[in-house]
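Protein chains: 4
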Amino acid sequence: MGRTAILLISCPDTKGILAEVTGFIARNGGNIIHADQHIDFQKKIFFMRIEWELSDFKIPDSQIGDAFSPIAQKFKMEWELHFSDEVKRVAIFVSKHDHCLYELLYRFKAGDFPGGDLRLVISNHLDLKELVERFGVPFYHFPVSRENKQEVEKKELELLKEEGIDLIILARYMQILSDQFVNQYRNRIINIHHSFLPAFVGAKPYHRAYERGVKIIGATSHYVTEELDQGPIIEQDVVRVSHRDSVEDMIRKGRDLEKLVLARAVKWHLENKILVYDNKTVIFD
Amino acid sequence: MGRTAILLISCPDTKGILAEVTGFIARNGGNIIHADQHIDFQKKIFFMRIEWELSDFKIPDSQIGDAFSPIAQKFKMEWELHFSDEVKRVAIFVSKHDHCLYELLYRFKAGDFPGGDLRLVISNHLDLKELVERFGVPFYHFPVSRENKQEVEKKELELLKEEGIDLIILARYMQILSDQFVNQYRNRIINIHHSFLPAFVGAKPYHRAYERGVKIIGATSHYVTEELDQGPIIEQDVVRVSHRDSVEDMIRKGRDLEKLVLARAVKWHLENKILVYDNKTVIFD
Amino acid sequence: MGRTAILLISCPDTKGILAEVTGFIARNGGNIIHADQHIDFQKKIFFMRIEWELSDFKIPDSQIGDAFSPIAQKFKMEWELHFSDEVKRVAIFVSKHDHCLYELLYRFKAGDFPGGDLRLVISNHLDLKELVERFGVPFYHFPVSRENKQEVEKKELELLKEEGIDLIILARYMQILSDQFVNQYRNRIINIHHSFLPAFVGAKPYHRAYERGVKIIGATSHYVTEELDQGPIIEQDVVRVSHRDSVEDMIRKGRDLEKLVLARAVKWHLENKILVYDNKTVIFD
Amino acid sequence: MGRTAILLISCPDTKGILAEVTGFIARNGGNIIHADQHIDFQKKIFFMRIEWELSDFKIPDSQIGDAFSPIAQKFKMEWELHFSDEVKRVAIFVSKHDHCLYELLYRFKAGDFPGGDLRLVISNHLDLKELVERFGVPFYHFPVSRENKQEVEKKELELLKEEGIDLIILARYMQILSDQFVNQYRNRIINIHHSFLPAFVGAKPYHRAYERGVKIIGATSHYVTEELDQGPIIEQDVVRVSHRDSVEDMIRKGRDLEKLVLARAVKWHLENKILVYDNKTVIFD
Chain A
1 MGRTAILLIS CPDTKGILAE VTGFIARNGG NIIHADQHID FQKKIFFMRI
51 EWELSDFKIP DSQIGDAFSP IAQKFKMEWE LHFSDEVKRV AIFVSKHDHC
101 LYELLYRFKA GDFPGGDLRL VISNHLDLKE LVERFGVPFY HFPVSRENKQ
151 EVEKKELELL KEEGIDLIIL ARYMQILSDQ FVNQYRNRII NIHHSFLPAF
201 VGAKPYHRAY ERGVKIIGAT SHYVTEELDQ GPIIEQDVVR VSHRDSVEDM
251 IRKGRDLEKL VLARAVKWHL ENKILVYDNK TVIFD
Chain B
1 MGRTAILLIS CPDTKGILAE VTGFIARNGG NIIHADQHID FQKKIFFMRI
51 EWELSDFKIP DSQIGDAFSP IAQKFKMEWE LHFSDEVKRV AIFVSKHDHC
101 LYELLYRFKA GDFPGGDLRL VISNHLDLKE LVERFGVPFY HFPVSRENKQ
151 EVEKKELELL KEEGIDLIIL ARYMQILSDQ FVNQYRNRII NIHHSFLPAF
201 VGAKPYHRAY ERGVKIIGAT SHYVTEELDQ GPIIEQDVVR VSHRDSVEDM
251 IRKGRDLEKL VLARAVKWHL ENKILVYDNK TVIFD
Chain C
1 MGRTAILLIS CPDTKGILAE VTGFIARNGG NIIHADQHID FQKKIFFMRI
51 EWELSDFKIP DSQIGDAFSP IAQKFKMEWE LHFSDEVKRV AIFVSKHDHC
101 LYELLYRFKA GDFPGGDLRL VISNHLDLKE LVERFGVPFY HFPVSRENKQ
151 EVEKKELELL KEEGIDLIIL ARYMQILSDQ FVNQYRNRII NIHHSFLPAF
201 VGAKPYHRAY ERGVKIIGAT SHYVTEELDQ GPIIEQDVVR VSHRDSVEDM
251 IRKGRDLEKL VLARAVKWHL ENKILVYDNK TVIFD
Chain D
1 MGRTAILLIS CPDTKGILAE VTGFIARNGG NIIHADQHID FQKKIFFMRI
51 EWELSDFKIP DSQIGDAFSP IAQKFKMEWE LHFSDEVKRV AIFVSKHDHC
101 LYELLYRFKA GDFPGGDLRL VISNHLDLKE LVERFGVPFY HFPVSRENKQ
151 EVEKKELELL KEEGIDLIIL ARYMQILSDQ FVNQYRNRII NIHHSFLPAF
201 VGAKPYHRAY ERGVKIIGAT SHYVTEELDQ GPIIEQDVVR VSHRDSVEDM
251 IRKGRDLEKL VLARAVKWHL ENKILVYDNK TVIFD
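As they're listed, the protein sequences go chains A, B, C and D.
Going by full-length UniProt numbering, 239 is the number at position 239 of the first sequence; the sequence numbering is gapless.
Going by full-length UniProt numbering, 159 is the number at position 159 of the second sequence; the sequence numbering is gapless.
Going by full-length UniProt numbering, 233 is the number at position 233 of the third sequence; the sequence numbering is gapless.
Going by full-length UniProt numbering, 215 is the number at position 215 of the fourth sequence; the sequence numbering is gapless.
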């Protein structure tokens, strides 16, 4: 398959949107290969992800936006245009746990994330420096304390800007980012929480799952918002536990969930398959 | 939501299909509420299910087919047109196992299958007569032997024709239907097989799963074709087993799978969400 | 397999418990067919379920307790003795939802619960009277209002006592039982909650799951305690949902979970496979 | 928890086995921390895994076998004695796929397999040499052709003997081992097959799953026997697919299953939790 363009759209639901958008692409010689729409009937919002081949498309990349603009205005659309060969620049934040980091390093290296370029890893500890550098990825150490937090975040943001980072992955990063930080990367910070949210929001979810005697534990990847563990959920998965599982067993089983649930969220984000609205996600997978 | 029309389409993939179909609906005042397309890139086939509200649609029901015909011809489409208030007439075939029958009787009664009208139950045994009649559904007893099979099928087909049956559900019916029978209801006979096909095709799958020592068992709903257990798969599901599970335990656990996997297939069929091609199904769920 | 005895034990963990208990059974000619132990290392508690054939056992049923007593005292055991042909008398409480009731009625009828005798159904509404009576089960109507609640519960308890009820199943019963009521049936009232507890404790969990945008929904069966939805969890299960699922879809998918998760809990309870401690369950399945 | 001994037993089922074994441990001061038994009632075989703390055990390690021997003889037991600080020496065989290898390298490094010492990796290709050596593990290249296969296996076996290898893991090794080879490591070679066995035995299972249109794919870890993909199944897991998944998508989804299913089997083997009989496994997890 050749190069493609991807249009992500949301707008008030009304008649004729689909016909107008597909007509625009067809008239200009585009071959639609994926079209996925969704309507939230309760809130009357229309969502679409549409992808078409560019080989015979008559409009050059740089002018597609302008050409599409009248349709967007007519339907009051919020929209994004992406190209299949776009590469997002990625930063990973970690603390001491290595399982999610490891999985991501492997996947970037193995070519599982063609839409992402892993530029750097930031950590508040030095434990994972050697591992990261063994993969040839720059490692930055930013120790964080209650006192220096604001200042450290400022420096981190400078580095992220310098490197043109588009996506931040919190791979079991044990610090809470400030609202100012989050605001600069709205819907572009993916966190992995080690519980089946909204059960066990906050710290030590496996311990609390053990205390409560649940029979299933889970992991949740979500975009980070100002409210802790309350951002739009991207993906969740679960695994059975029983009275035989100690907290340590749960932590061990949970690790396998966490890394896969995080990797799926990163993949969908890099493939422009996620639309966020109303603190929820539409996943066009 | 009001009355809707549903168009199921498959045709050779080419440019402009989506634009043309959605344009047709939009031009005539239809409000598209679901549009789901799929392309088999290997075989270059385009599939679509599109559903629109009829309240403001300018073309009367009976003329939609004719109006759409030129588009269908242009793209060499195979297509079906359905309406949301259509009701398919359903017959269930059973032998002695009651769990799938029970589930279906309940769901028809509970309103889970608004697109289906359960007209009758046919069995080669009398065991379930009382149960069926308690639900107010006509029960027909057709004992089958090697000798009378052809003749019995003929009578069954007459009854099915008389009652205008559109869909046959084999709810653990322990007889193999002849090719002639199957031919008259192509892609309109749904069977439940008590294994994770294609593992354990044929008889006594739980016994063979036990012998093989598998750690997961399954159930499969599929359309019936001439080849035993080889028809297009509609739905599958699985459950864990261990060395602790005897054959009887597997049968018991399997029952819960079978009835749900069968019910899902029936639901999708009645909602016109299934397209069959190449001995496979596209499920627009 | 012949008649068996089942011993459920919990006690402070120490050396020699298993040897002593199995020695007692072996010395008296019992053939152990299941032995399952568990130690909570954190709390240092020992749990065991042991089942043995009685055909050659030298102690008559009525004297087993006395014979075992010295061992029980030595290890400060809490213990229960059951026999495989014991039958617990069961009452189901319902309101208007019929899917869990239906599943239970079917299973009692189909012989899935040999350890239970369904004596009666109690409801605060009349909607399900006909269904219950069609199964030949006595139906009692106890309308509940804020004013008469205490009095109604008193009458219900009288009826339950008269009928010698051992187990109460709340099959989507939409009333909260008083502490006094719960106290009389400690660890003998099983409820089904339509969420993956502890997420969405309380009312309208599917609506809240929809609002929160979770990707998986669940159901939880648990023993009822004074605190709402906080009792010991017996079983949980989950199913995937997506942005395509409306609240109604979730409710529909959830129904299939609820009925199976409730049925599993009932089965384990009737087979004396559950030990409760510390607001958690040990399930010897 | 301190050092423990683990006894794995299978023998004809009869009365008194459990009492005798636990009595032996208790009399000698052992504190049983896990005891798990299973009876195959069809074949009348008794299985047990029992683990006890050695801190106060009166018999020195080297004499436990002799001391236990009379009991073993009395009940005609096959038995193995292990100690919790035993370390099995492990070799991994790979070809070109790296995902399973990677997962195993990570887990050995992360301390997930305390019972295993990864001594070396053998491959018929050079592709993964760098990766293996980056982890500090010796890499051996044994190119295999139809002509030299016998000779190569001989050399491999010499190396394995020299290194005292106890367990061989085939981490997507694309060669079939000869019967002679397999015989030397009976129940000590673990393979990962990329299908839900017994569906799709042999080559290219994902392609065949795609062709068949299944709705769920799986992975299976098993001990290697002379018959291809027919050895005792240790663990299986599955993931949903749909018509939207191409063969490539299935391969990608399958990779995540394969690595976890293989890792679980390796973990159980290293913890002496697996008993093999009758081409099946009993997993005391």
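Just so you know, these hints were derived from the structure itself, not from any lab.
This one's a predicted model, so the numbers in the text were calculated from it and none came from an experiment.
Keep in mind that the hints are not guaranteed to be accurate.
If chains are identical, the list can't say which one is meant, so a pair holds when it fits in one copy or spans any two.
As the list claims (entries may be wrong) - Straight line, CA to CA, 20 Å or less: simulated SDA-like cross-link-like pairs of lysine to any residue:
#1 K109 / Q180
#2 K15 / L54
#3 K88 / D61
#4 K74 / A26
#5 K43 / K161
#6 K253 / T14
#7 K88 / I71
#8 K253 / G115
#9 K44 / R212
Legend entry - Violated hints, by number in ascending order, as checked against the structure: Failing hints, ascending: 1, 5, 6, 7.
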